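K.L.:
Please work from the sequences and hints to get the whole structure.
These protein sequence lines map, in sequence, to chains A and B. Heads up: the first sequence begins at 1 in my numbering, then just goes up one per residue. Heads up: the second sequence begins at 1 in my numbering, then just goes up one per residue.
No wet-lab data here; the hints were simulated from the structure. Just so you know, not all the hints are guaranteed correct.
As the list claims (entries may be wrong) - Derived DSS-like pairs: lysine-lysine, alpha-carbon spacing no greater than 27 Å straight-line: (1) 228(B) to 217(B); (2) 73(A) to 416(B); (3) 311(A) to 416(B); (4) 252(B) to 311(A); (5) 252(B) to 195(B); (6) 417(B) to 397(B); (7) 210(B) to 190(B); (8) 372(B) to 211(A); (9) 416(B) to 211(A); (10) 73(A) to 417(B); (11) 211(A) to 417(B); (12) 360(B) to 397(B); (13) 211(A) to 104(B); (14) 211(A) to 56(B); (15) 32(B) to 104(B); (16) 56(B) to 311(A); (17) 385(B) to 311(A); (18) 360(B) to 73(A); (19) 427(B) to 311(A); (20) 311(A) to 372(B); (21) 311(A) to 417(B); (22) 311(A) to 424(B); (23) 252(B) to 196(B); (24) 211(A) to 190(B); (25) 69(A) to 397(B); (26) 56(B) to 32(B); (27) 311(A) to 217(B); (28) 385(B) to 73(A); (29) 69(A) to 416(B); (30) 360(B) to 69(A); (31) 211(A) to 360(B); (32) 311(A) to 397(B).
The model shown is predicted, which means the values in this text are computed figures rather than measured ones.
In case you want the letters, here they are:
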Amino acid sequence: MSRYNQGTLTVSSSPHVLDNTTTSRIMLDVIIALVPAFIMSGVVFGSRAILLTITCVASCIVFEWAFEKVTNKENTISDLSAVVTGVLLSFNLPSSLPYWMAVVGCFVAIAIVKQLFGGIGQNFANPAITARIVLLISFATPMTTWPLPNQLMGAADAVTGPTPLGIMNMGGDPAMVPSNIDMFLGFVGGSLGETSAIALLLGGIYLIARKVIEPTIPVAFIGTVFVLALLAGQDPVFHVCAGGVMLGAIFMATDYSTSPLTTNGKIIFGIGCGVLTIIIRLFGAMPEGVSFSILLMNILTPHIDNLSRRKIYGGGGRK
Amino acid sequence: MSIFNKHLPAIHVEHHKNTSECPTAKMPLPDKMYISMVQHIGAPCQPTVAVGDLVKVGQVIGDSEAFVSAPIHSGVSGKVMSIENTMSSVGIWDPIVTISVDKKQEVLEGIAPPEVHDKESFLKAVRASGVVGLGGAAFPTHVKFNPKNLDEVDTLIINGAECEPYITADYRTMMEDSELLINGIRTTMKYLGLKKAIIAIEANKEPAIKKLGDMVKDDEGIEVFSLKPMYPQGAERVIIYETTGRVVPPGKLPADSGVIVSNVSSLVAIQRYMETGMPLISKRITVDGTAIKTPKNVEVLIGTPINKLVEFCDGYRRVPKKIIMGGPMMGRAIYDDGIAVIKNNNAILAFDEEWAEFPKETACINCGRCTKACPMMLMPTTIFKAYDRRDREALVKLNVSLCMECGSCSYVCPAKKQLSFMNKLAKQFVAEGGKK
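P.N.:
Written out as structure tokens, the structure reads:
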């Protein structure tokens, strides 16, 4: 029989078998988890919401491809992370936002926040959150003009109005605040992907079941918001379902590269997000604070990671 | 370590125990044997035979004066053809004794059960049997059985976890040599003065748990423990924690925590020597993998070339692209199938092109899967970043030297980073720094 030797055999370091999880599979799972909220955005805000999401996804892919082309880096659009960023950014925008502004946001997210810092895994802040904040500051009026639900395709002039949190923030008539059922299903004003708590929860359960995320951060985040709202004498269910808490806690605060590695770190991170959100909502000038709280905690992540280094086997953890 | 969690982190790895119902087949004698003088951790052996000598079955052909070493025996009768340095599977130059087999299998005169009556004579016999850690580590057993603080040791853990995929050799040993195993445990307990023995077997080997459990049910000192069928339950520190809840601090030995761990095959080999006087000359090996025509468990003489062993399993089914000595998680990929079987081999796995191909590495996304998987609770992603910038101080702080290279981190990595390999390099880098 023939002998097999040097040159025909592959020699490599162990292990010689690997799990079949890949980065693109993880991103695909996130996209699947976002589908219920995507459908609800179409039901609640009509085709304009769907078109805005498609615009964001397309421009994120184009910016990622173009940046890597120009800088001579390896093309990474197949890892689907740009698609996720596009969907998440669009979910944070009012469905009536002019398309070109959304494209500007995509540029900020992909080219500035993600690629300038070294691409996937290297960014210190969540691209979609940061882009949303840049848009909010740059285009304050269109970014806070909220179409009300059930504006179907073809409606020339969409009716706009305040979001539930906006009503609260202006000290408005409590009777104007929608019912918790409407809030839970998502038939309220707001960013196009954030309104339906049930759709986002479904996605979250899928991600946890697929072991893409751990429940630690969402539970700590949402739990903190709930408890603090209760302590402040407000309706905790309202605060949990309103604004971007669900979207932020499940999909944005759990972003791998911008959240801590260890369980203890994740708990600190989640609680921090919840505390900042409630502080901004109750005492700040803005009606909503999820984006700012996540961005602030993103910046603290390396420090949380350093402080929450876990004890190794045998106990000799921090030295 | 959390007091809420009784288990160390572990991962699910596909078991692929295809050969568990394959009784051990005995292989015919090859024409030539290639016996390496480096078959254990510690001092290499010096050949005690010369070219042209006639050797017999059971004869010592290599030994060393050093304490941490074990003699090497011939498994055949025949003539020493050459003693030459050859590149071994580890990539270093080893003296290899080549014996042309006369196929008469004449047994050395004077092979008889050793006289054992106390600890000293027992340890001497264990050394003479040539037994080393057959689970893979190849640490000389007589050294392991003789720690400075033996009086503090109260428990013998018998490692029958066999957590590596594919390998079923230890399982077959437990099923086919159960008598020898139980007697080996009793002998070892008696002479080392140990009160308690725990046979730890992964739950996926139900028949072995049942069989051994039945055999020791009247024996108060010996218990059979069922481990979770996860990887790496068979790693020394992990098996100690899972069975006794004891922690072996970094830099310490199991004996410091009152336990000695021994693999099932090592104990069987020791008992065989005690009963017959025949030292360790053969090994039960699982031959499997996508490139092997008929996967089998084979009892093979140490020194048999791998291609002969594969031939006995009806040869290759497909062109092999990767051949592994040991399991797929920790085994070594070899560069030549003419290399011979050594003592601590427990499997030869041959894989075709499809399996040998390595997926492309992508950027780390900080998902933390490696950190969650590490049984020693290290942070592989942080370690590899520290190694990337050659930060020795950070690596020491991250306790990289505790890594046992189990491969769990690489296995779970979605970016397909070779984290385990990086840890290996980082450990070496830290060790080199210590010398300066």
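K.L.:
Confirm or reject each hint.
P.N.:
Hints, one by one, checked against the model:
no., hint, result
1, 228(B) to 217(B), "21 Å, holds"
2, 73(A) to 416(B), "19 Å, holds"
3, 311(A) to 416(B), "26 Å, holds"
4, 252(B) to 311(A), "17 Å, holds"
5, 252(B) to 195(B), "22 Å, holds"
6, 417(B) to 397(B), "22 Å, holds"
7, 210(B) to 190(B), "24 Å, holds"
8, 372(B) to 211(A), "12 Å, holds"
9, 416(B) to 211(A), "17 Å, holds"
10, 73(A) to 417(B), "19 Å, holds"
11, 211(A) to 417(B), "19 Å, holds"
12, 360(B) to 397(B), "30 Å, violated"
13, 211(A) to 104(B), "60 Å, violated"
14, 211(A) to 56(B), "59 Å, violated"
15, 32(B) to 104(B), "13 Å, holds"
16, 56(B) to 311(A), "55 Å, violated"
17, 385(B) to 311(A), "19 Å, holds"
18, 360(B) to 73(A), "16 Å, holds"
19, 427(B) to 311(A), "19 Å, holds"
20, 311(A) to 372(B), "12 Å, holds"
21, 311(A) to 417(B), "24 Å, holds"
22, 311(A) to 424(B), "21 Å, holds"
23, 252(B) to 196(B), "21 Å, holds"
24, 211(A) to 190(B), "48 Å, violated"
25, 69(A) to 397(B), "39 Å, violated"
26, 56(B) to 32(B), "14 Å, holds"
27, 311(A) to 217(B), "39 Å, violated"
28, 385(B) to 73(A), "20 Å, holds"
29, 69(A) to 416(B), "24 Å, holds"
30, 360(B) to 69(A), "20 Å, holds"
31, 211(A) to 360(B), "23 Å, holds"
32, 311(A) to 397(B), "11 Å, holds"
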